[in-house]
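If you're matching them up, the sequences are chains A and B in order. Using the numbering used here, you'd call the opening residue of the first sequence number 554 and step up by one each time. Using the numbering used here, you'd call the opening residue of the second sequence number 4 and step up by one each time.
Because the hints were derived from the structure by calculation, they are not lab data. Please note: incorrect hints may appear among the correct ones.
Derived DSS-like pairs: lysine-lysine, alpha-carbon spacing no greater than 27 Å straight-line [what the hints assert, rightly or not]:
#1 A/Lys-869 with B/Lys-173
#2 A/Lys-869 with B/Lys-219
#3 A/Lys-712 with B/Lys-173
#4 A/Lys-869 with A/Lys-774
#5 B/Lys-189 with B/Lys-219
#6 A/Lys-717 with B/Lys-173
#7 A/Lys-781 with A/Lys-717
#8 A/Lys-628 with B/Lys-269
#9 B/Lys-402 with B/Lys-39
#10 B/Lys-269 with A/Lys-717
#11 A/Lys-773 with A/Lys-796
#12 B/Lys-245 with B/Lys-269
#13 B/Lys-269 with B/Lys-42
#14 A/Lys-643 with B/Lys-269
#15 A/Lys-712 with B/Lys-167
#16 B/Lys-79 with A/Lys-712
#17 B/Lys-39 with B/Lys-333
#18 B/Lys-42 with A/Lys-717
#19 A/Lys-747 with A/Lys-619
#20 B/Lys-219 with A/Lys-883
#21 A/Lys-869 with A/Lys-773
#22 B/Lys-219 with A/Lys-857
#23 A/Lys-753 with A/Lys-630
#24 B/Lys-219 with A/Lys-717
#25 A/Lys-883 with A/Lys-810
#26 A/Lys-857 with A/Lys-774
#27 B/Lys-269 with A/Lys-649
#28 B/Lys-6 with B/Lys-79
#29 A/Lys-781 with A/Lys-796
#30 A/Lys-630 with B/Lys-269
Part of the chain A face toward chain B, derived, beta carbon under 10 Å [what the hints assert, rightly or not]:
#31 Glu-585
#32 Leu-589
#33 Pro-610
#34 Phe-611
#35 Thr-669
#36 Gly-689
#37 Pro-701
#38 Phe-733
#39 Ser-890
C-beta: ideal position from N, C-alpha, C; glycine also.
If you want the building blocks of each chain, they are given just below.
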Amino acid sequence: MSEIIYKGNEPVIVDGAVPNIMTRITKSPIEEGGHLCLERTEAMYTTYWASAGELSPFFIEVIKNKRIIGARCPKCKMVICPPYMTRCPKCQNADKSFVELESGVEMPQIGRMLNTPPITVFANARFARYAPFGRGRVMLGESQSALPIQVFTTTGFLKPGIFKAGTEVKIIFRKNRGGFSTDYFAVPLSEVPKKLRNKKGLEEHELKWESLKLSDPEIKKEYQSKMKDVLAALKKFLSGIKKSPRAQRDLVNWNRKILVKTGGGSLGLVIANQDLKLVEKKQVARPNLVITIDDPQYLIGWTKGDSIINLIRTDKAAVSNLQDLETIFKLDRLPRSMRRDAQER
Amino acid sequence: MRKVAIVGAFTTPCRGRWLSKTLWELLQWAVSGALKDAKLDISKVDAGVIGLYNDIFARQAIPESSAIEQVGLALKPFTRVSNGGATGIFAMLTAYQAVASGMYDIVLCIGGEKATDCYDFLSETQTPEVVQTIAWSWDPLFERDQGATAADSYAEVILSYLDKYPNDLKINVRAEILRILCEQAKNNPNAQRRNEIVTPEMVEQSPWIIEPAFKKLETCVYTEGAACLVMAAEGIAEEICKGAGNPPIWIEGLGFASESYWWGTKHPNKLPARIESDHLATVRAYKMAGITAKDVNVVELHDAFLPQLMITLAEMEFVPMGHADYLIEKNIMAPYGKLLVNPSGGLIYGGHFVGGSNMFSAWSARHHLIEKGLDYGLVHGTGASSAQYGGAVVLKRGKI
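Okay, chain A solo, but in the shape it has when bound:
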């Protein structure tokens, strides 16, 4: 398995997803009869120069002019956005052909959510760097159809309740646009400064993107009394990484100094050399990432497989840098990796 290739800070291809050519002989489970089976790695690829065809004007308008366009039927006045077809399927001409839609109808850049959008926290590898993200549908102007759109909040972790059916949203454009449906996204209008709300073609860098405001956990005696057990559990858990090839692979090419602040006291975690070590907090004086957790007992839960991401999304924990959730995903993967290796042993 090869490593992730970077161009600057951006991964350009997740090369580890591409298997080397390998074969193995595996015994099927007893209930299948314990047959010897050949397994081999395979992959299917197709690459494209994919044309947007008649839908190209929508994307060209987004790239060049930061405009969202729709289409209108001159007969029934139906408006659709995005303009996913060029003829009205309800209206026919005298010769019974479908009526052609008027194209290039400029849509407003403030709209309302059609539904409460689903929020993806556990994204697959292709989208992990965007997580947590929401995908929803926004109604713009007179359009009777909804524009599929990613939704983000400028205020930190995207939690249920920020976007609901009917939430007023503003369309924001990426600075770098390449003709994809991720060139634009929506944020709640209430998070856009009033002076920018009516600006067309608003770009992401014009908004203030807040990270989480971390406040130090309140030190409590009940939490302090748990720390001895917590540290013991952490030491025992982390000592297992050396025995787990999967856990080591989870941490490959990853280096972080993490300060963990709890209501029972602080501790440090250092990821380096495919290992995770517990250290004194002074050893992470300039951390890359800060995690705050009121009740240190949750750290014992993590060693048993509970998810730190779930703690964050339920306000039981917080992180200093939402752009570094990949580190949290890696921490969350460790217990499962170690458990699987232990089972195989």
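For this one, chain A is given, so just place chain B on it according to the hints.
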């Protein structure tokens, strides 16, 4: 149109993975079992229809081409159907039409899937790659790049239903239905999760996959398996059934509907808070059969996610829209009421091999109609990116 009956059925055991069997072996096994059930010589079969959902799962374009000889249909007409999650139910429509039209007397309706050869070499698990494969279903220009997942297809339906009916789909009701389905799967020898125990407490503690749409315990499984139904025309069906010792199960009604891909506020767009295709398909099937929901004794429906099962049962008119909780609260569902829902364990506990899941449902409905001496069964399938495809088939137990 001729009357059509199911005269034989078989399903393989459902497994998370069949390491020792290829797709072709699973399909041949299912056909062999169905022929044995009907005590039918393969030479009597005129044609075949096969439901195979996904070429990427199969690692082959036109994968059905490799199965023709194995299923005994070389040199006979063999049609492949692929309609998303509803592939199975639409394959049943195609097989039915082939017989009802008078073109063929006996047709095999086969379905199968082998999904978990897919493997993500980063996480060293199958799920991310299976999910990614399903995610290729989204519109490539306007939607796919935004990160839609397999779960999103029903999450949006469920969330929009909750937008409109915030007091329905209560978690305690969902948990009780899950407990019932899990319990029922224990009586299905082919169920994938027949040894599990699920309590309402476990459901409440289960992590959210998409909050508040569904939890981990409320999702269907990925399954490898295959199923086969033998369909025959009136006049021939009775003869076959006499030989096999089983009553014919008549297909009394069928209904189908496909909604728009694009969501919106008016038709022809797909509307929020609805699985309109399920409603239209079912009422069309009821009308053709001359029955109403009250006549149905057993329903085997496509439960990709538990809250979707509840919405679908409301769309089928077993409970009013917005009051799906009545299934438990008003004692509609067995064991509290008379309506037997997914005695196979459904797709959540029984298994979900996409191309053949709805045949698996029909196999179970037929079994319960015969074993329990019931009159009417309803089989359902749904699928596509926003639960757009709906199909329903009304079955009636006949006499030998």
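Hint check:
1. A/Lys-869 with B/Lys-173: holds (24 Å)
2. A/Lys-869 with B/Lys-219: Holds, because 20 Å separates the two Cα atoms, which is no more than 27 Å.
3. A/Lys-712 with B/Lys-173: Distance of about 20 Å is within 27 Å: holds.
4. A/Lys-869 with A/Lys-774: holds (18 Å)
5. B/Lys-189 with B/Lys-219: Since the Cα atoms of B/Lys-189 and B/Lys-219 sit roughly 20 Å apart, the hinted pair holds (cutoff 27 Å).
6. A/Lys-717 with B/Lys-173: holds (19 Å)
7. A/Lys-781 with A/Lys-717: violated (43 Å)
8. A/Lys-628 with B/Lys-269: Holds. A/Lys-628 to B/Lys-269 sits at ~17 Å (cutoff 27 Å).
9. B/Lys-402 with B/Lys-39: holds (20 Å)
10. B/Lys-269 with A/Lys-717: holds (20 Å)
11. A/Lys-773 with A/Lys-796: With Cα atoms ~36 Å apart, A/Lys-773 and A/Lys-796 exceed 27 Å; violated.
12. B/Lys-245 with B/Lys-269: violated (52 Å)
13. B/Lys-269 with B/Lys-42: violated (51 Å)
14. A/Lys-643 with B/Lys-269: The given pair, whose Cα atoms are some 13 Å apart, holds under the 27 Å limit.
15. A/Lys-712 with B/Lys-167: It holds: about 20 Å lies between the C-alpha atoms, which stays within 27 Å.
16. B/Lys-79 with A/Lys-712: Status violated; Cα separation ~56 Å.
17. B/Lys-39 with B/Lys-333: violated (42 Å)
18. B/Lys-42 with A/Lys-717: Roughly 57 Å between the alpha carbons, so the hint for B/Lys-42 and A/Lys-717 is violated.
19. A/Lys-747 with A/Lys-619: holds (20 Å)
20. B/Lys-219 with A/Lys-883: This hinted pair holds, its Cα atoms lying about 20 Å apart.
21. A/Lys-869 with A/Lys-773: holds (16 Å)
22. B/Lys-219 with A/Lys-857: holds (18 Å)
23. A/Lys-753 with A/Lys-630: This hinted pair holds, its Cα atoms lying about 25 Å apart.
24. B/Lys-219 with A/Lys-717: The given pair, whose Cα atoms are some 22 Å apart, holds under the 27 Å limit.
25. A/Lys-883 with A/Lys-810: At roughly 14 Å apart (the allowed maximum being 27 Å), A/Lys-810 and A/Lys-883 satisfy the hint.
26. A/Lys-857 with A/Lys-774: Cα-Cα ~24 Å, so holds.
27. B/Lys-269 with A/Lys-649: holds (23 Å)
28. B/Lys-6 with B/Lys-79: Cα-Cα ~22 Å, so holds.
29. A/Lys-781 with A/Lys-796: Judged against 27 Å, a Cα distance of about 24 Å means the pair holds.
30. A/Lys-630 with B/Lys-269: holds (13 Å)
31. Glu-585: holds (5 Å)
32. Leu-589: holds (9 Å)
33. Pro-610: Since chain B brings no Cβ nearer than about 12 Å to A/Pro-610, farther than 10 Å, the hint is violated.
34. Phe-611: holds (8 Å)
35. Thr-669: holds (4 Å)
36. Gly-689: Cβ of A/Gly-689 sits 8 Å from chain B, so the hint holds.
37. Pro-701: holds (4 Å)
38. Phe-733: Holds: closest Cβ of chain B sits about 5 Å from A/Phe-733, inside 10 Å.
39. Ser-890: Holds - the Cβ of A/Ser-890 comes within 10 Å of chain B, reaching about 8 Å at its closest.
In summary, the structure is inconsistent with hints 7, 11, 12, 13, 16, 17, 18, 33 from the numbered list given earlier, while agreeing with the others.
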